[in-house]
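Chemist: Residue strings, one per chain:
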Amino acid sequence: MAHHLLRHRDIPDLHKIEVYREHGGYEGLRKALTEMTPQDVIGVVRSSGLRGRGGAGFPTGVKWSFIPKGPGDKYVVINTDESETGTFKDRELSERNPHQVIEGAIIAAYAIGAKTIYNYFRGEFMDAAYAMEEALREAYDAGFLGENILGTDFSCDFYCHYGAGAYICGEETALINSLQGELGQPWSKPPFPAVEGLYRKPTVVNNTETLANVPLILVNGAEWYTSMGTEKSPGMKIVCMSGHVEHPGNYEVEMGVTYRELIEMAGGVRGGKKFKALLPSGGSGPVITESALDAPLTYEGLTPHGSVMGSASVIVMDESTDMVWAALKMLHFFKHESCGKCTPCREGTFWMEKLLHRIYEGHGTPQDVQTLENVANQIGGRTLCALGDFAINPVLATIKHFPEEYRAKVQGASNGQVKKAAAKTAVPS
Amino acid sequence: MIAEKYSKEIEGILARFPTKKSAVLPLMHLAQHEYGYMSEEAKREVAEILGLDPTHVLSLAGFYSLYYEEPVGKYVLEICNDLACALRGADEFVEMASRKLGIPVDGTTEDGLFTLKTVMCLGACDRAPMLQCNLRFEENLDEEKFDQLLARLRQETDEPSVVEKIVSYANRE
Numbered sequence: 004m005a006h007h008l009l010r011h012r013d014i015p016d017l018h019k020i021e022v023y024r025e026h027g028g029y030e031g032l033r034k035a036l037t038e039m040t041p042q043d044v045i046g047v048v049r050s051s052g053l054r055g056r057g058g059a060g061f062p063t064g065v066k067w068s069f070i071p072k073g074p075g076d077k078y079v080v081i082n083t084d085e086s087e088t089g090t091f092k093d094r095e096l097s098e099r100n101p102h103q104v105i106e107g108a109i110i111a112a113y114a115i116g117a118k119t120i121y122n123y124f125r126g127e128f129m130d131a132a133y134a135m136e137e138a139l140r141e142a143y144d145a146g147f148l149g150e151n152i153l154g155t156d157f158s159c160d161f162y163c164h165y166g167a168g169a170y171i172c173g174e175e176t177a178l179i180n181s182l183q184g185e186l187g188q189p190w191s192k193p194p195f196p197a198v199e200g201l202y203r204k205p206t207v208v209n210n211t212e213t214l215a216n217v218p219l220i221l222v223n224g225a226e227w228y229t230s231m232g233t234e235k236s237p238g239m240k241i242v243c244m245s246g247h248v249e250h251p252g253n254y255e256v257e258m259g260v261t262y263r264e265l266i267e268m269a270g271g272v273r274g275g276k277k278f279k280a281l282l283p284s285g286g287s288g289p290v291i292t293e294s295a296l297d298a299p300l301t302y303e304g305l306t307p308h309g310s311v312m313g314s315a316s317v318i319v320m321d322e323s324t325d326m327v328w329a330a331l332k333m334l335h336f337f338k339h340e341s342c343g344k345c346t347p348c349r350e351g352t353f354w355m356e357k358l359l360h361r362i363y364e365g366h367g368t369p370q371d372v373q374t375l376e377n378v379a380n381q382i383g384g385r386t387l388c389a390l391g392d393f394a395i396n397p398v399l400a401t402i403k404h405f406p407e408e409y410r411a412k413v414q415g416a417s418n419g420q421v422k423k424a425a426a427k428t429a430v431p432s
Numbered sequence: 276m277i278a279e280k281y282s283k284e285i286e287g288i289l290a291r292f293p294t295k296k297s298a299v300l301p302l303m304h305l306a307q308h309e310y311g312y313m314s315e316e317a318k319r320e321v322a323e324i325l326g327l328d329p330t331h332v333l334s335l336a337g338f339y340s341l342y343y344e345e346p347v348g349k350y351v352l353e354i355c356n357d358l359a360c361a362l363r364g365a366d367e368f369v370e371m372a373s374r375k376l377g378i379p380v381d382g383t384t385e386d387g388l389f390t391l392k393t394v395m396c397l398g399a400c401d402r403a404p405m406l407q408c409n410l411r412f413e414e415n416l417d418e419e420k421f422d423q424l425l426a427r428l429r430q431e432t433d434e435p436s437v438v439e440k441i442v443s444y445a446n447r448e
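From first to last, the protein sequence lines stand for chains A and B.
The first sequence: position 111 = 114 (this note's numbering), numbered continuously.
The second sequence: position 154 = 429 (this note's numbering), numbered continuously.
Taking lysine-lysine and the BS3-like style, the derived pairs with C-alpha atoms no more than 25 Å apart in a straight line are:
| # | chain 1 | residue 1 | chain 2 | residue 2 |
| --- | --- | --- | --- | --- |
| 1 | B | K296 | A | K204 |
| 2 | A | K357 | B | K392 |
| 3 | B | K392 | A | K338 |
| 4 | B | K283 | B | K295 |
| 5 | A | K118 | B | K296 |
| 6 | A | K344 | B | K296 |
| 7 | A | K204 | A | K344 |
| 8 | A | K192 | B | K296 |
| 9 | A | K357 | A | K338 |
| 10 | A | K118 | B | K295 |
| 11 | B | K295 | A | K204 |
Since the hints were made in silico from the structure, they are not lab data.
Work out the full structure, taking the sequences as your base and the hints as a guide.
Modeler: This is the structure we're talking about:
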């Protein structure tokens, strides 16, 4: 299909404002500001059925409608803290099609009555940030930002803000704390950011990809948008394909394609090997196997298979992959990224990694696998944010789908212990 | 003193936020750029400029992984060996890099030029193995390209860092 979000792949130099405008850029903003009320804008986005592309899938128009009407400071915050393992879509958008993100954010600001936009960039994305800053300068020069945009009484400023390496800052309340100069730790909701967010003012936090959809919806209408994808998951999605595929990279697809088709799109499993499993949502979504490959890429598609679409960061693993090793890699990530606020997550991931490491090294016992599950179940649902729930997925799902691999590791260990014990007795005392 | 050297940039950064405290991460980036790591001096200066307790800056330096609490080499080579990259050979790449540089992970070469680190996902999984060198991405690497990178870095003279480029935007009218 033609690209809508990754349009830069079809249009050279789309990151330059003159090229972007030649291809309909900033038309959505013009339409919103000169022909529509903020309520109209929220209405169209709501009817389009656009849902949060960061992974949570909350309807964007509904999120915007929660912002109280009337005077007072409000903020739009763009979440470009893309840190989920296997996710690299917002980076490409920011680097290659930055104006579409900027335009979407200004429209969002108009819709909720915000005068300031902050783009929270992960500090590692400096190259992409540089492209975004260039685009911002162009947008200011062209009068799409600053005072009296397009001659209307709407004024808005846009600043990029650079994080400093913390996965947790992708969680909206942690992101807000970080932007306020605090540790990036989430708070217990309520209050929700729509009521009390940045500087305790009503705040909308939207993912970068989500906002890149908005100009298109304004120009082409909600019906155009809902004509793509499925009823509950309309529109298109950027899918990040990585791991054991021939051609890793971002793929823009209509919602509803199957995971099998996605793997084919990425050139199939690398080296003609057999498919074993995939992580549909980076490290955070439970692993799925062959039996789930015909499920559609939608927010609901993987529910029957006990998993989620999330940010659509698909990590493919071939038959040679040791699933205990893969689980350990993911668990190590979550242990490292746990912000330390909630005890179950902070302590639980620490001990789980120790246990899993022991199992992986061949020193574990069957009891260790049970303990691992037990600890995991004490983390799930007992933390302020979803990181705790994410952290246990790689472990619980691999135990569920590949119990034999865990068994082989711990049985090997028992055999080893028997041998060691035998050797001990053989040593003359 | 970053307060003097970057007074214009700092003013630009502060103007972006209704509170001074929000400027702490950008100022820490600037201080680290100046001092190479979050030295006592760097932390104290940031705290003074923003009127913060130095222990707050200390805790941020510990929390966020991009700030170095110990001195590092002129070039910090941070290789991602998270799952997606590891499936494409990142662990073997780390071993190779460590052997080539003659240092373990988290070590610095004797000439003070290179520090080797492993890091969590950098959002470039489609171009693994990859690394970040002073915030610049080097992608689709293999042994040959790694050698070329080291050779280039050994010759490189002081070109403006990405941080400097970004900070210059704080002066935007």
